[in-house]
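Student: Protein sequence lines correspond, in order, to chains A and B. The first sequence runs 44 to 210 under our numbering. The second sequence runs 44 to 210 under our numbering.
Worth flagging that the hints you see were computed from the coordinates, not collected in a lab. Be aware that one or more of the hints could be misleading.
Since copy identity is lost for identical chains, a pair holds within one copy or between any two.
To be verified - In silico DSSO-like cross-links for lysine-lysine, where the CA-CA straight-line distance does not exceed 27 Å:
| # | residue 1 | residue 2 |
| --- | --- | --- |
| 1 | Lys165 | Lys206 |
| 2 | Lys100 | Lys206 |
| 3 | Lys80 | Lys206 |
| 4 | Lys206 | Lys137 |
| 5 | Lys165 | Lys137 |
| 6 | Lys80 | Lys137 |
| 7 | Lys165 | Lys80 |
For clarity, every value in this text was computed on a predicted model and none was experimentally measured.
2 protein chains.
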Amino acid sequence: MTSDQPRPGEVRAEIDPATTPADAGVIFIGRIQTQWKSRPECPRNIAEARERGIPAKLQLAPTWRRGLTGLSQGDHIIVLYWMSEAPRGLVIQKPHRRPQPTGVFSLRSPARPNPIALATVKILSLDQAAGRIEIDAIDCLDGTPLLDLKPWRPQMDLPADFKPPDT
Amino acid sequence: MTSDQPRPGEVRAEIDPATTPADAGVIFIGRIQTQWKSRPECPRNIAEARERGIPAKLQLAPTWRRGLTGLSQGDHIIVLYWMSEAPRGLVIQKPHRRPQPTGVFSLRSPARPNPIALATVKILSLDQAAGRIEIDAIDCLDGTPLLDLKPWRPQMDLPADFKPPDT
């Protein structure tokens, strides 16, 4: 994550969404349980999380557990979650590994106007009554709030003219 | 979209997120401009929108335009948008084309606890100064609020064990 102090070349928007009146409200439908208790421990992104190969859990609040009906072990889902610790006003950012500052919408940084992260993950096991899903990997802090789960669908989630890397 | 009257087999949660105190707030960073002025006109999803082949526009508010730096024509991006007209409390739903009711998290319905939709689209043209991006297709009503844009990255957004359909 980006620290709260801008780095050289970074640009803040003239408003801070964290202290601007909201246009709409989200509710937390559960929490993500991971091994990562502090930012430096977290994988940088879902690709790095998969390389580490450490499973995580999604824990749904009782209200929403019936909504898991129709999901099964082996399914791929898109998880949306709320990166509540990230600053929200950085329009131009300078990630450590990039030579030049660039726009927030060309980055997957958690620091964005609406700190909604997404990860495509695989269901290792699912206990609907307990509202608990074990997944292959994720990149966020323990306790991160959950916003949504969606089934991953190739006809929707692959780019329109997608060609696999090897063809 | 699902109408506000539950269909046979549908189940509402004991709370309605639309009238529950929010856990966090989102801001609208712009609007989506489409051909669709009413729900019945809208494509059912991004796959159907692509089949119709009608481009759409993303219009960013001035505050966020510099955040487009680093995006280019031909790039694929993930668009997050707010389906403000959809009911939010339906945990079990019965879409018209499905024989059985099923859980909201196994569906891509806009009716969900947090009505955040996502579509993977292609940039046809981009005018950063005007904050305007032309995209290949999208499935939502004209004027739908924008929440976020993210670059689509194969190493993150393809499932971990993804095999192309033909191999």
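Student: Hint by hint, note whether the structure agrees.
Tutor: Hints, one by one, checked against the model:
no. : hint               : verdict
1   : Lys165 with Lys206 : both (22 Å within a copy, 14 Å between copies)
2   : Lys100 with Lys206 : between (32 Å within a copy, 25 Å between copies)
3   : Lys80 with Lys206  : neither (38 Å within a copy, 33 Å between copies)
4   : Lys206 with Lys137 : neither (31 Å within a copy, 34 Å between copies)
5   : Lys165 with Lys137 : between (31 Å within a copy, 25 Å between copies)
6   : Lys80 with Lys137  : within (25 Å within a copy, 40 Å between copies)
7   : Lys165 with Lys80  : within (22 Å within a copy, 37 Å between copies)
Comparing the model with each earlier hint shows violations of hints 3, 4; every other hint is respected.
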